[in-house]
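Colleague: The lines below spell out each chain.
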Amino acid sequence: MSAIALEVRNVIKTFSIEGGGTINAVDDVSFEVRSGEFVALVGPSGSGKTTMLSILAALLTPTGGQVLIDGQDLSRLNESKRVKLRRQKIGFTFQSNNLIPFLTAQENVDFMLRLNGGANKAGRMRSAELLSRLGLSDRLHNLPGQMSGGQQQRVAIARALIHNPAVVLADEPTASLDTERAYQVVQTFANLIHENGRAGIMVTHDLRMCKYVDRVLQMRDGKLVQVIEDKCEIEILARGGLATETIKQ
Amino acid sequence: MKTFFLAFYLAIKEIVRNKGRFLLVSLVIALITLLVLFIAALGEGLADGNRQYVASLDAQLVVFLEKSDYNISASRLDSNTIRAVRRVEGVADAGPVYTSTSEIVSLNEPLKISMLAAESDRPGMPLLIEGRPFRGGEASEAVIDEGVALRSGIKVGDEIEIRSTQGTQDEFFYLKVVGLVGKQSYFFQPTIFVPPATWEKMRPQPAADLSDTTPYPNIIAVKLADPAQIELVKERLLAQVPNIEVTDIETTINNIPGYSAQQSTVQTQGAFTLLIGILVIGGFFQIQVLQKVPQIGVLKAIGSSNGAVGLAAVMQIIVVTAIGVGIGGGLTYLFSLGFPPTIPLTFNGTRSLLAVIALLLIGPLGGMVSIIYAVRIEPLKALKLG
Numbered sequence: 135m136s137a138i139a140l141e142v143r144n145v146i147k148t149f150s151i152e153g154g155g156t157i158n159a160v161d162d163v164s165f166e167v168r169s170g171e172f173v174a175l176v177g178p179s180g181s182g183k184t185t186m187l188s189i190l191a192a193l194l195t196p197t198g199g200q201v202l203i204d205g206q207d208l209s210r211l212n213e214s215k216r217v218k219l220r221r222q223k224i225g226f227t228f229q230s231n232n233l234i235p236f237l238t239a240q241e242n243v244d245f246m247l248r249l250n251g252g253a254n255k256a257g258r259m260r261s262a263e264l265l266s267r268l269g270l271s272d273r274l275h276n277l278p279g280q281m282s283g284g285q286q287q288r289v290a291i292a293r294a295l296i297h298n299p300a301v302v303l304a305d306e307p308t309a310s311l312d313t314e315r316a317y318q319v320v321q322t323f324a325n326l327i328h329e330n331g332r333a334g335i336m337v338t339h340d341l342r343m344c345k346y347v348d349r350v351l352q353m354r355d356g357k358l359v360q361v362i363e364d365k366c367e368i369e370i371l372a373r374g375g376l377a378t379e380t381i382k383q
Numbered sequence: 055m056k057t058f059f060l061a062f063y064l065a066i067k068e069i070v071r072n073k074g075r076f077l078l079v080s081l082v083i084a085l086i087t088l089l090v091l092f093i094a095a096l097g098e099g100l101a102d103g104n105r106q107y108v109a110s111l112d113a114q115l116v117v118f119l120e121k122s123d124y125n126i127s128a129s130r131l132d133s134n135t136i137r138a139v140r141r142v143e144g145v146a147d148a149g150p151v152y153t154s155t156s157e158i159v160s161l162n163e164p165l166k167i168s169m170l171a172a173e174s175d176r177p178g179m180p181l182l183i184e185g186r187p188f189r190g191g192e193a194s195e196a197v198i199d200e201g202v203a204l205r206s207g208i209k210v211g212d213e214i215e216i217r218s219t220q221g222t223q224d225e226f227f228y229l230k231v232v233g234l235v236g237k238q239s240y241f242f243q244p245t246i247f248v249p250p251a252t253w254e255k256m257r258p259q260p261a262a263d264l265s266d267t268t269p270y271p272n273i274i275a276v277k278l279a280d281p282a283q284i285e286l287v288k289e290r291l292l293a294q295v296p297n298i299e300v301t302d303i304e305t306t307i308n309n310i311p312g313y314s315a316q317q318s319t320v321q322t323q324g325a326f327t328l329l330i331g332i333l334v335i336g337g338f339f340q341i342q343v344l345q346k347v348p349q350i351g352v353l354k355a356i357g358s359s360n361g362a363v364g365l366a367a368v369m370q371i372i373v374v375t376a377i378g379v380g381i382g383g384g385l386t387y388l389f390s391l392g393f394p395p396t397i398p399l400t401f402n403g404t405r406s407l408l409a410v411i412a413l414l415l416i417g418p419l420g421g422m423v424s425i426i427y428a429v430r431i432e433p434l435k436a437l438k439l440g
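Sequence order for the protein chains is A and B.
Using our numbering, the letters of the first sequence map in sequence onto residues 135 to 383.
Using our numbering, the letters of the second sequence map in sequence onto residues 55 to 440.
No wet-lab data here; the hints were simulated from the structure.
Fair warning: this is a prediction, and the values are worked out from it, not measured in the lab.
It cannot be assumed that every hint is accurate.
[Unchecked claim] Derived BS3-like pairs: lysine-lysine, alpha-carbon spacing no greater than 25 Å straight-line:
#1 B:K435 with A:K218
#2 B:K237 with B:K209
#3 B:K166 with B:K67
#4 B:K121 with A:K215
#5 A:K218 with B:K121
#6 B:K121 with A:K223
#7 B:K166 with B:K121
#8 B:K230 with B:K255
#9 A:K255 with B:K56
#10 A:K255 with A:K218
#11 B:K121 with B:K277
#12 B:K166 with B:K255
#13 B:K435 with A:K223
#14 B:K209 with A:K215
#15 A:K357 with B:K435
#16 B:K56 with B:K67
#17 A:K218 with B:K230
#18 A:K255 with B:K121
#19 B:K255 with B:K209
[Said to hold, decoys possible] Quick list of the computed label-pair ranges, beta carbon to beta carbon:
#20 A:L211 with B:N402: 28 to 38 Å
#21 B:K435 with A:S164: 39 to 49 Å
#22 B:K56 with A:L211: 33 to 43 Å
#23 A:F149 with B:L407: 52 to 62 Å
#24 A:G252 with B:F393: 51 to 61 Å
#25 B:L329 with A:Q321: 51 to 61 Å
#26 A:N144 with B:K435: 54 to 64 Å
Glycine included, C-beta positions come from ideal geometry on N, C-alpha and C.
Using the sequences and the hints given, assemble the complete structure.
Modeller: Set out below in structure tokens:
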């Protein structure tokens with residue numbers, strides 16, 4: 135059994151709403167993700183999955199509960215230590231605007247190494263290799279504006295993994311891609327998570343993308359309402375079967 | 055140190071990959087630089103035109119007629135005053151200075167000049183850089199300044215013809231140029247120096263003055279034995295010499311008619327141009343930061359510190375401003391080569407240096423708001439995760 139990379143304990147996030155009162159965007163959620171495990175966080179709009187991801191990314195402080203990344207309790211870290219944790223322990227891919235527009239594909243990936251003080255020749259070779267594995271060997275020196283959405287997402291995946299983070303977070307990584315590209319990106323992502331022994335969490339509204347994950351966490355109204363671990367059930371869910379209906383309900 | 059290099063990397067990469075955009079801003083700064091440097095040079099040139107002679111006096115104090123309000127034109131001292139001044143303890147030497155205007159007509163284009171008189175080797179007479187001093191008495195000799203030489207082509211050894219209106223008649227006088235001094239502009243005009251008696255004979259004057267051949271100095275330039283005792287000697291002069299007022303060189307300059315008003319006008323123009331520069335640069339960088347909000351959000355989300363993001367913005371502003379000021383300075387120099395000497399532009403003054411420093415500062419100052427804005431961007435909101 136591999137080590138726990140991410141641990142969420144009874145996390146609550148409460149927001150004030152206009153006209154008084156509060157709302158629990160995340161309501162007493164607990165789960166764990168082990169190294170080498172790829173998990174999908176699904177749920178309808180407003181279910182709290184993006185808020186949950188922001189908390190996991192140390193970008194949002196929970197109102198209650200604990201989040202531990204690689205054993206480090208986020209609630210005990212000040213802002214500069216949270217920045218350091220994001221830099222060293224977390225890899226990110228976002229829905230859009232993922233890359234720094236004035237850096238080439240390889241420079242975008244190398245930037246994570248530069249942030250962590252490892253932008254040397256060996257690092258550059260590793261980033262070139264990783265990009266080649268992602269089918270971008272001929273795009274190393276292209277700027278983001280010269281690449282398609284799918285290529286940009288693959289560069290973002292390389293950037294998220296290059297510095298060997300404990301946890302890799304992906305927010306709707308396939309939102310701007312066509313189905314074929316989306317499958318390719320998520321499959322590559324899953325393969326790299328498994329190979330490198332990282333903990334991967336993907337927020338998605340597209341249940342078809344769940345076919346490559348090891349576990350599905352379903353949220354509704356801020357609560358974690360269902361955890362699907364059975365491979366067959368996940369397959370059915372991804373094909374839009376019974377489990378999908380369950381989730382929709 | 056890591057933050058510095060990271061910020062430098064980001065700043066330079068963005069500039070290099072967006073050369074056109076940043077060059078455009080640099081060119082705007084270059085134009086502002088051109089304008090500011092020309093205003094500074096104009097201010098320096100006008101100031102020089104007005105004060106050059108007084109500012110370069112080999113003296114620490116200037117004696118005026120009492121109640122003349124330190125106005126050279128309004129002051130006319132008794133001819134005995136000079137002897138009384140020289141007798142005061144602490145005075146090393148004193149020289150009378152006589153001022154008027156005239157015109158050199160022995161040229162294709164008549165040249166208006168300041169005609170000053172002073173005694174050779176006394177305070178009030180500038181150092182010669184060529185030729186010899188004029189003789190005393192009513193010698194028909196003159197020493198010209200470089201301004202006259204530059205504008206007219208007159209050289210040492212030439213003869214010049216001066217027109218002077220005396221009473222209701224134009225009188226013409228011939229003078230031999232025997233010496234040359236550096237630029238000694240006074241009242242915006244190049245200057246010739248003549249002996250006091252010659253000056254009295256030649257100066258424009260009403261008919262009533264023609265019968266009196268005694269020259270009355272406008273001021274007396276006083277050189278002190280010990281410049282540190284300026285206040286003490288000033289008090290002694292006021293106590294021992296009747297009907298005078300005494301001040302230092304700086305006050306004399308500031309009381310040249312129109313000098314202060316002119317300088318404050320030029321300085322206000324310069325200040326407003328710098329202010330416009332601050333607004334232009336500030337506006338550009340603010341728009342740029344607004345366009346880059348998601349990008350800055352990503353940078354922060356993946357672990358770039360606020361320090362790195364802010365420092366990168368500061369570095370960009372400094373680089374763009376420095377390039378702009380460099381281009382502007384170069385353009386100013388090229389333009390300055392083509393200006394005739396009649397235009398009062400002086401580029402070598404401390405004012406130009408101060409203008410360059412101010413221009414280098416307006417970038418970071420103008421970009422301050424955008425830098426603060428960039429540092430305050432929250433990745434959560436920038437990435438629309440919240």
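Colleague: Compare the structure with each hint and give your call.
Modeller: Taking the hints in turn, this is what the structure says about them:
Taking the CA atoms of K435 of chain B and K218 of chain A, the gap is near 20 Å; set against the 25 Å cutoff, the hint holds. Restraint check: the Cα-Cα separation between K237 of chain B and K209 of chain B comes to about 14 Å, which is no more than 25 Å; the hinted pair holds. Distance restraint check for K166 of chain B and K67 of chain B: the Cα-Cα separation of roughly 58 Å exceeds the 25 Å cut-off, and the hinted pair is therefore not satisfied. A threshold of 25 Å between alpha carbons decides the hint, and for K121 of chain B with K215 of chain A the separation of about 74 Å lies outside it, so the pair is violated.
Simply put, K218 of chain A and K121 of chain B have alpha-carbon atoms about 75 Å apart, too far for the 25 Å limit, and the pair is violated. Straight-line distance between C-alpha atoms of K121 of chain B and K223 of chain A comes to about 83 Å, which puts the hinted pair past the 25 Å bound. Straight-line distance between C-alpha atoms of K166 of chain B and K121 of chain B comes to about 30 Å, which puts the hinted pair past the 25 Å bound. Simply put, K230 of chain B and K255 of chain B have alpha-carbon atoms about 16 Å apart, close enough for the 25 Å limit, and the pair holds.
The suggested pairing of K255 of chain A with K56 of chain B holds, with an alpha-carbon distance near 18 Å, which does not exceed 25 Å. Pair hint K255 of chain A plus K218 of chain A holds up; C-alpha atoms about 23 Å apart against a cutoff of 25 Å. Taken as a hint, the K121 of chain B and K277 of chain B pair is honoured in the structure, with Cα atoms around 22 Å apart against an allowance of 25 Å. A C-alpha spacing of about 18 Å is found between K166 of chain B and K255 of chain B, which places the hinted pair at or below 25 Å, so the restraint holds.
Distance check on the hinted pair: K435 of chain B and K223 of chain A sit about 22 Å apart at the alpha-carbon level, within 25 Å; holds. With a CA separation close to 78 Å, the supplied pair K209 of chain B and K215 of chain A exceeds the 25 Å bound. Restraint check for K357 of chain A and K435 of chain B: the C-alpha separation of about 23 Å stays at or below 25 Å, so the hint holds. About 16 Å separates the Cα atoms of K56 of chain B and K67 of chain B, which keeps this hinted pair within 25 Å; it holds.
Our distance criterion of 25 Å between C-alpha atoms is broken by K218 of chain A and K230 of chain B, whose separation comes to about 84 Å. Only pairs whose Cα atoms come within 25 Å are accepted, and K255 of chain A paired with K121 of chain B is rejected, the gap being roughly 82 Å. Taking the CA atoms of K255 of chain B and K209 of chain B, the gap is near 24 Å; set against the 25 Å cutoff, the hint holds. A hinted range of 28 to 38 Å is violated for the C-beta pair L211 of chain A and N402 of chain B, which are about 58 Å apart.
Evaluation of the 39 to 49 Å hint for K435 of chain B and S164 of chain A yields a failure: the beta carbon distance comes to about 27 Å. Taken as a hint, the range 33 to 43 Å is violated for the pair K56 of chain B and L211 of chain A, whose Cβ atoms sit roughly 19 Å apart. Remark: the range hint 52 to 62 Å for F149 of chain A to L407 of chain B is upheld by a beta-carbon distance near 56 Å. At about 57 Å, the beta-carbon gap between G252 of chain A and F393 of chain B stays in the expected band of 51 to 61 Å.
At about 59 Å, the CB distance of L329 of chain B to Q321 of chain A agrees with the hint of 51 to 61 Å. Between N144 of chain A and K435 of chain B the C-beta distance comes to about 27 Å, which lies outside the given range of 54 to 64 Å.
Hint check: violations occur at hints 3, 4, 5, 6, 7, 14, 17, 18, 20, 21, 22 and 26; the rest are consistent with the structure.
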